[in-house]
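Chain residues, written in single-letter form:
2 protein chains.
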Amino acid sequence: MKQDTIAAIATAPGEAAIAVLRLSGEKAVSIADKLFVSPRLKSLQDAVAYHQYFGEIREGDALIDEVLLTVFKAPRSYTGEDVVEIACHGSLYIQEKILQLLMREGAVPAKAGEFTQRAYLNGKMDLSQAEAVADIIASRSKGAHRIAMNQMRGGFSALLKKLRSRLLDFASLLELELDFSEEDVEFADRKQFLSLIDQMIAEMERLIASFSLGNVIKNGIPVAIVGEPNVGKSTLLNALLNEERAIVSSIPGTTRDTVEDILQIGPYQFRFIDTAGLRQGAQTIEEMGIKRAFGKMEKAHIILAVFDSSKTSTSQFQTDFSDILAREDISLEGKYLLFVGNKKDLLNAPVPQDTGEVLYLSAKEKEAVENLKDRLLDFVRKENAAHQLIVNNLRHVEALQKSVEALQQAKEAFENALPEDLIAVDIRSALYHLGTITGEISSPEILQNIFGKFCIGK
Amino acid sequence: MKQDTIAAIATAPGEAAIAVLRLSGEKAVSIADKLFVSPRLKSLQDAVAYHQYFGEIREGDALIDEVLLTVFKAPRSYTGEDVVEIACHGSLYIQEKILQLLMREGAVPAKAGEFTQRAYLNGKMDLSQAEAVADIIASRSKGAHRIAMNQMRGGFSALLKKLRSRLLDFASLLELELDFSEEDVEFADRKQFLSLIDQMIAEMERLIASFSLGNVIKNGIPVAIVGEPNVGKSTLLNALLNEERAIVSSIPGTTRDTVEDILQIGPYQFRFIDTAGLRQGAQTIEEMGIKRAFGKMEKAHIILAVFDSSKTSTSQFQTDFSDILAREDISLEGKYLLFVGNKKDLLNAPVPQDTGEVLYLSAKEKEAVENLKDRLLDFVRKENAAHQLIVNNLRHVEALQKSVEALQQAKEAFENALPEDLIAVDIRSALYHLGTITGEISSPEILQNIFGKFCIGK
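The listed protein sequences derive, respectively, from chains A and B. With the first letter of the first sequence counted as 1, position 450 gets the number 450 in the working numbering; the numbers rise by one all the way through. With the first letter of the second sequence counted as 1, position 442 gets the number 442 in the working numbering; the numbers rise by one all the way through.
It should be emphasised that the hints constitute simulated quantities derived from the structure, not laboratory data. Be a bit skeptical, because a hint or two may be false.
Which copy? The list can't say, so a pair holds if one copy fits it or any two copies do.
In the BS3-like style, the derived pairs of lysine-lysine whose C-alpha atoms are separated by at most 27 Å in a straight line are [claimed, not checked]:
no., residue 1, residue 2
1, Lys411, Lys382
2, Lys124, Lys42
3, Lys34, Lys142
4, Lys73, Lys42
5, Lys124, Lys73
6, Lys142, Lys382
7, Lys344, Lys34
8, Lys162, Lys402
9, Lys161, Lys191
10, Lys296, Lys373
11, Lys161, Lys453
12, Lys366, Lys311
Build the full structure now, drawing on both the sequences and the hints.
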């Protein structure tokens, strides 16, 4: 099948000093050659690859722009095909005009993610690496960036390939036995196999467990600030916000996506969840059991239960809080619950010692707010350290879960001495699901689903 | 004076496939070298100029991004200094992070237009060419783009330099005479000088006259649609709008700058001016003389006087319209006034023939709307053809005007046989003002004023 040559504006939309257009496909060079005139090149076919040529984009006699043009020769290019990149003045007219001219000469508009899709189809990267490209572009914090970068560089793929190849080896032995089943030969070492399955399940479950963290790091770690009215929840948030802004906020154009209460602390973005529901009519902690607020708490990764330490004793608040959790049947398992005793500046008695569970501060006086940030960071860092590799993609975690299920069935079948061909089916299923992550196995629907979420030009 | 090495993100702000950062100055290469690691380069100092190197931007051990990096060696670069361009993934985090790392290694943030200002200061382009760079980036129509491109390529500068050098030759002769004034020598041919002045004044006045057109092409040609209520002004605008949209409208992010009624017709943008004032309480054309509406008409370059041809006779409307203009003391000199007889589909009598002054159409039935567009285009094209070079910059036109004034004074002084040293002062003044256009003469204030309007990264 002959592929179209695709073209797109690859830089962000808008007026700027520079914009870059990208062409990829068999005809990339010949299409660009029809528009590009350089004093130092008779034909673009003679261009030295990876060299930036200064020249003109012309429409007949009319000069459209002075540009820098680079040819990347297949397979040493992003897509693995011939690629041409044109850096022009970032005028809207010029960008659009050059794109139109490329179309006129035979290029077709690139679909979202089509350059990266081609890179995958041409074996330049596997599917999970391709997905990481989109995550890298979307990353707005060091933590999210690091996970995506690690994945793009193949850290995750390498582990999956290792797991898959071990399972594949074993599956081959098993299939061989099936071929010779009449003769009752045993090629596969049963004990070794069971231990392999256990190892694999353990490794995959570690990956699955990392998803909760990977996902929140990618999207901002949700923190619910809960508590009675007037205990200083908003003051606390403001005290945090005033000191540090998200790293991206100095770039114009990001504001539209930024909600008011995203906080960058160290390498992570924390996303504070509004629990305003607790304020309405709720006078005491016993009354605060509004389902809506608890729903939000359940979506959070971290819960800051704030109380007025000058009015309520810590142990009383902790008891009340547990009672409500029990009464409402709310489990905070896997979440980090920190009690925050606010208004310590108003305490008549000496401020109690901080413990692992409780921290005392004064949001208004900005006392010990730094300690709270350290606690949040420490918690995420500890979680992070528990995982060498972090999965941040729902598709991946679902495939891992299916693969684990299949392996558990295989194990059970073994233990119950079920026929080998049934076991083989489970193993093949586990292999299949692992293969969908890296794209050894894929379908047009999966690809459409993945690359459709990319930006144009990538 | 040692110049700082400056850095900026040169592509439009936002998430995208690619973003480009730019560094310029003595230390551009050494700064980039501290962050860039490429398997194919020991040191960036060894980089082949204009070659795109694939490599990594690192912060210590941490991989920030895989990038393409190009070194442009002075003086063969945009600024005339050493320039490094880094094309990275268009993640907000990565863009900002790399910029921060460049700062950490000694770069300073580039001010608006500073790259182009350096190009000017290093003799890569003159001042009017530098100004054209900003116009090119801001251009949103073919017409505006063409004027700016012609100016950036030096068409305007070349003419100015020719004029200035002729005047300079003559001024030298005149100054020589002053030196030898005791001896009553005449080096300069008076007659030739007067003819030179006349020629120069004529050429400069042609340029000045082109400004009105150049300015409206740059900013969109203002068209006022005037007329009584219910003659179909909005229907006419919609009929025009439905068929063609401004070329830039397919680029997301431009909408914020686009007002509802900008129309791209052929290579030009037309900017329709709201004359809603005419609708309020005005029942007949005699009553429509609302000052506000006339003020808007005076700002327009083209006036479409719309009437209902099924109800009002053309000659009657034309007479009424002139009467009102006379009564309100409004001059439409230099403007293009076209009478548009709408609703020709409702006419019982045969539709009259179009003339140079009147066009009949039906906005509702979209009949002959195309003819109106042709008329608008024809008018601008004819104006355009009258000017080889078009000035689109107020600063330039003001300098030309001052230069013309000085030459006229010189001429008068000559004719009145005033002393040569007075004439020399006028000639020097004319030379001075011409020199400010191309920047042979400039001041920090002028430069600040010009480049402060650029975007960052250019």
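Now for the hints, and whether the structure bears them out:
no.: 1; hint: Lys411 to Lys382; in the structure: neither (33 Å within a copy, 85 Å between copies)
no.: 2; hint: Lys124 to Lys42; in the structure: between (31 Å within a copy, 25 Å between copies)
no.: 3; hint: Lys34 to Lys142; in the structure: between (43 Å within a copy, 20 Å between copies)
no.: 4; hint: Lys73 to Lys42; in the structure: both (18 Å within a copy, 24 Å between copies)
no.: 5; hint: Lys124 to Lys73; in the structure: within (14 Å within a copy, 32 Å between copies)
no.: 6; hint: Lys142 to Lys382; in the structure: within (16 Å within a copy, 58 Å between copies)
no.: 7; hint: Lys344 to Lys34; in the structure: neither (73 Å within a copy, 47 Å between copies)
no.: 8; hint: Lys162 to Lys402; in the structure: within (18 Å within a copy, 78 Å between copies)
no.: 9; hint: Lys161 to Lys191; in the structure: within (23 Å within a copy, 91 Å between copies)
no.: 10; hint: Lys296 to Lys373; in the structure: within (21 Å within a copy, 58 Å between copies)
no.: 11; hint: Lys161 to Lys453; in the structure: within (25 Å within a copy, 54 Å between copies)
no.: 12; hint: Lys366 to Lys311; in the structure: within (19 Å within a copy, 76 Å between copies)
Of the hints listed earlier, those the structure fails to meet are numbers 1, 7, in rising order.
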